[in-house]
Amino acid sequence: MELLNSILVKPFADMIAAPDFLLQVLWEGTVSGVLYALIALGFVLIFKSSRIFNFAQGIMVVFAALTLVGLHQNGVPALLAVPLTLVVMYVLAYGIERVVLRPLVNQPDIILFMATIGITLFLIGFGELIFGGENKRMITEELMIPTGSFEFEPFGGFVLMEQKDIVAVGGAILLVVALLIFLNKSKMGRAIRALGDDHQAALSVGISLSTIWVLVWFIAGVIALVTGIAWGARAGVSFALEVIAYKALPVLMLGGLESVSGAIIGGLAIGILEKLFEIYWGQPLLGGNTETWFAYVLALTVLLFRPQGLFGEKIIERV
Amino acid sequence: MRKLIRAAILSSAVAVAGIASSAALAEDSITLSNLSYRTGPFAATGIPLMNGQRDYIMMLNDRDGGVNGVKLNYEECETGYSTEKGVECYEATKGESIVTQPWSTGITLQVLPKSNVDKIPILAPGYGFSAMQDGKTFQWAFNPPASYWDGASMILSNISDGNLDGLKGKKIAFLHLDHPYGKEPIPLFEQMAAKHGFTFLPIPVGLTEMQNQSAQWLQIRRERPDYVIMWGWGAMNAGAITEAVKTNYPMDQFIGIWWSSLDGDLKLVGDKGKGYRAISWSLPNSEAPVMQDIKKHVVDAGKSLINQGEGEFDWVFYQRGVMISMMLVEGVKAAQEHFDAKVINAEQLRWGLENLNIDEAKLEALGMSGMIPPFSTSCSDHTGHSGAWMLQWNGSKFEQASDLLTADREAIDALAKDGAAKYAEANAPWPVNEECKM
Chain H
1 MELLNSILVK
11 PFADMIAAPD
21 FLLQVLWEGT
31 VSGVLYALIA
41 LGFVLIFKSS
51 RIFNFAQGIM
61 VVFAALTLVG
71 LHQNGVPALL
81 AVPLTLVVMY
91 VLAYGIERVV
101 LRPLVNQPDI
111 ILFMATIGIT
121 LFLIGFGELI
131 FGGENKRMIT
141 EELMIPTGSF
151 EFEPFGGFVL
161 MEQKDIVAVG
171 GAILLVVALL
181 IFLNKSKMGR
191 AIRALGDDHQ
201 AALSVGISLS
211 TIWVLVWFIA
221 GVIALVTGIA
231 WGARAGVSFA
241 LEVIAYKALP
251 VLMLGGLESV
261 SGAIIGGLAI
271 GILEKLFEIY
281 WGQPLLGGNT
291 ETWFAYVLAL
301 TVLLFRPQGL
311 FGEKIIERV
Chain X
1 MRKLIRAAIL
11 SSAVAVAGIA
21 SSAALAEDSI
31 TLSNLSYRTG
41 PFAATGIPLM
51 NGQRDYIMML
61 NDRDGGVNGV
71 KLNYEECETG
81 YSTEKGVECY
91 EATKGESIVT
101 QPWSTGITLQ
111 VLPKSNVDKI
121 PILAPGYGFS
131 AMQDGKTFQW
141 AFNPPASYWD
151 GASMILSNIS
161 DGNLDGLKGK
171 KIAFLHLDHP
181 YGKEPIPLFE
191 QMAAKHGFTF
201 LPIPVGLTEM
211 QNQSAQWLQI
221 RRERPDYVIM
231 WGWGAMNAGA
241 ITEAVKTNYP
251 MDQFIGIWWS
261 SLDGDLKLVG
271 DKGKGYRAIS
281 WSLPNSEAPV
291 MQDIKKHVVD
301 AGKSLINQGE
311 GEFDWVFYQR
321 GVMISMMLVE
331 GVKAAQEHFD
341 AKVINAEQLR
351 WGLENLNIDE
361 AKLEALGMSG
371 MIPPFSTSCS
381 DHTGHSGAWM
391 LQWNGSKFEQ
401 ASDLLTADRE
411 AIDALAKDGA
421 AKYAEANAPW
431 PVNEECKM
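Sequences listed follow chains H and X, in order.
If you use this note's numbering, the first sequence corresponds to residues 1 to 319, in order.
If you use this note's numbering, the second sequence corresponds to residues 1 to 438, in order.
There's no promise every hint is true.
[Said to hold, decoys possible] Straight-line Cα separation of at most 20 Å, SDA-like style, residue types lysine to any residue; simulated pairs:
1) X:272 to H:161
2) X:183 to H:161
3) X:246 to H:137
4) X:85 to H:162
5) X:246 to H:12
6) X:170 to X:200
7) X:170 to X:187
8) X:362 to X:286
The set of hints was computed from the structure by calculation and includes no laboratory data.
Let's have the full structure, built from the sequences with the hints guiding it.
Structure follows, in structure tokens:
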């Protein structure tokens with residue numbers, strides 16, 4: 001009876017008793033969710049256009065953030081370092097298309113997936129050689145991102161929102177809106193979607209595979225840079241950032257590998273739900289650290305009922 | 001560009017070292033391998049430590065021609081702090097090397113049973129399984145100068161001003177990496193909590209949550225502990241310190257173990273981290289003769305891998321790395337003297353590590369006075385229990401913030417004896433050192 005009470009009653013009683021704390025939990029969950037969604041978006045875009053599961057997305061986040069910080073450390077003004085980093089990410093996208101992807105056209109998906117593992121290993125080694133493995137401070141102030149905080153007192157309590165988190169959420173929303181407009185309204189965006197729908201048909205109407213691949217890898221690089229700035233502002237920039245890519249995997253399982261809106265909603269859902277579960281059920285009942293597995297359990301539960309994820313397309317193959 | 005130059009120098013140095021090492025093998029030499037982690041999520045912690053270890057040995061080779069005429073071959077095998085890779089590195093290096101330095105409690109626990117068979121000493125300064133202090137049971141394992149249980153005990157002693165009963169009714173949160181390393185001091189904390197009447201609240205941090213500890217710090221906000229004690233490694237330290245700043249947790253009530261005292265992590269928050277404390281069995285002193293010799297023979301000669309722009313030479317971790325290599329080299333020297341041999345083997349080094357006598361006179365002679373407390377090991381005590389100091393971040397660097405603290409040996413010895421007996425029983429048949437009568 002006591003166990004049932006602690007599962008079904010006490011958590012909700014705690015939420016009602018301290019609504020300011022609940023608001024703080026929801027805010028922290030939203031911030032985490034937005035950041036998970038950003039990483040997941042990088043995966044989705046590349047998968048959507050090329051059916052490649054890009055294992056290198058996590059290390060691209062590290063590489064983009066390190067390039068930005070590294071350029072600034074070498075005397076490049078912060079606001080100039082951003083476009084220069086984008087140039088580096090474009091060169092990387094171009095290089096990947098020319099050296100890795102183009103020779104592997106028409107190879108099975110698993111070969112292309114393995115190639116992205118190779119890209120990951122290359123970027124780890126190359127990044128460590130150039131930038132070293134030390135933790136570096138993100139140039140938050142130099143990028144004119146405010147570092148203060150807003151403090152509210154709702155319900156006679158206390159809620160703290162860091163300005164850099166608000167900027168991260170705002171930036172992510174802007175990026176997603178821009179991306180959706182680009183994908184739905186521009187010619188290139190429609191070409192990306194066409195490739196995702198049917199490679200052969202898209203090629204037959206003159207869409208250039210190589211151009212689109214460079215473009216989506218570059219967009220994934222842009223997303224990686226935004227993600228790297230947002231995460232790096234929290235606890236520095238180091239190769240430890242790579243592990244946050246693992247947080248995107250359950251988001252993809254939940255939202256579906258091909259759905260932009262799935263990545264966003266999946267990211268937000270996982271960010272908020274895992275935080276609520278950890279605080280109100282995980283810590284009191286299971287000793288905490290449930291965030292390492294909760295998202296996977298949630299995603300697997302969804303997969304039991306919808307194997308394609310919440311927003312994924314149901315693939316029917318005639319044999 | 002500076003990084004590129006460093007990278008080029010590093011590559012050249014590795015190439016030259018490779019050529020030089022084959023030439024050196026023709027001379028009298030001893031190979032000392034290190035299972036390093038300069039890559040991966042824990043690299044920020046590993047790099048300055050490995051640099052300190054490496055530079056001390058390079059300095060000895062350059063200044064003294066090695067140790068008693070024998071060159072020291074310092075070799076690293078990269079593990080990325082992965083237990084699996086660590087075991088592979090152990091297997092790859094055990095043939096040549098006379099020591100294994102596993103650099104992770106997880107790797108240490110994996111190679112512990114192997115060391116009995118391979119007869120190679122494990123040197124795990126300030127880490128590993130705390131019960132390794134029982135030298136009769138763990139004949140091949142050494143964790144001088146202080147164990148994690150020593151560290152936990154000294155932190156409790158410091159925050160209670162020496163009277164642990166004064167902690168009665170207080171709540172202590174234990175923020176730790178969810179890894180064998182982070183869990184290691186829990187038995188001692190639990191025992192102390194039961195004995196002295198304080199509430200002990202473990203808060204684990206998973207590998208994927210190291211940089212986003214908002215849930216853990218929300219729990220801290222809700223529980224309002226009187227103190228937060230941290231057992232962090234790598235990116236977890238920076239993540240925790242930035243969250244503590246964000247949640248306005250009183251910094252002087254936030255205390256870390258010695259691996260949570262990386263200058264680079266605190267530099268991320270600068271002045272906002274003022275007051276944060278960490279227990280440490282090493283004290284940095286860049287003006288000490290040994291550090292000046294390293295500067296002259298290694299750093300100024302362009303052979304060091306340290307990041308001079310960040311001031312790594314002055315960091316606690318870099319200079320702790322120097323102390324770690326000192327312990328190893330003193331073990332080599334003791335064995336050379338005892339066995340009247342220049343080139344010693346692994347079994348002889350085991351004797352040397354078991355008979356370390358790092359007293360004030362020796363520290364003075366080594367140019368390290370005050371950088372590490374005196375300690376000695378024996379066949380029954382493989383830790384030495386040197387004691388430690390509390391360091392405090394002043395906004396730009398760590399400063400000494402206490403006199404030498406000592407651990408509650410009575411409680412720790414009993415726990416270690418029990419832990420060693422349980423380990424031997426679980427891994428039976430486990431050989432013990434019957435010759436040790438201490």
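Against the structure, the hints:
| no. | hint | verdict |
| --- | --- | --- |
| 1 | X:272 to H:161 | 17 Å, holds |
| 2 | X:183 to H:161 | 32 Å, violated |
| 3 | X:246 to H:137 | 16 Å, holds |
| 4 | X:85 to H:162 | 39 Å, violated |
| 5 | X:246 to H:12 | 27 Å, violated |
| 6 | X:170 to X:200 | 9 Å, holds |
| 7 | X:170 to X:187 | 18 Å, holds |
| 8 | X:362 to X:286 | 19 Å, holds |
Of the numbered hints given earlier, the model fails hints 2, 4, 5; all others are met.
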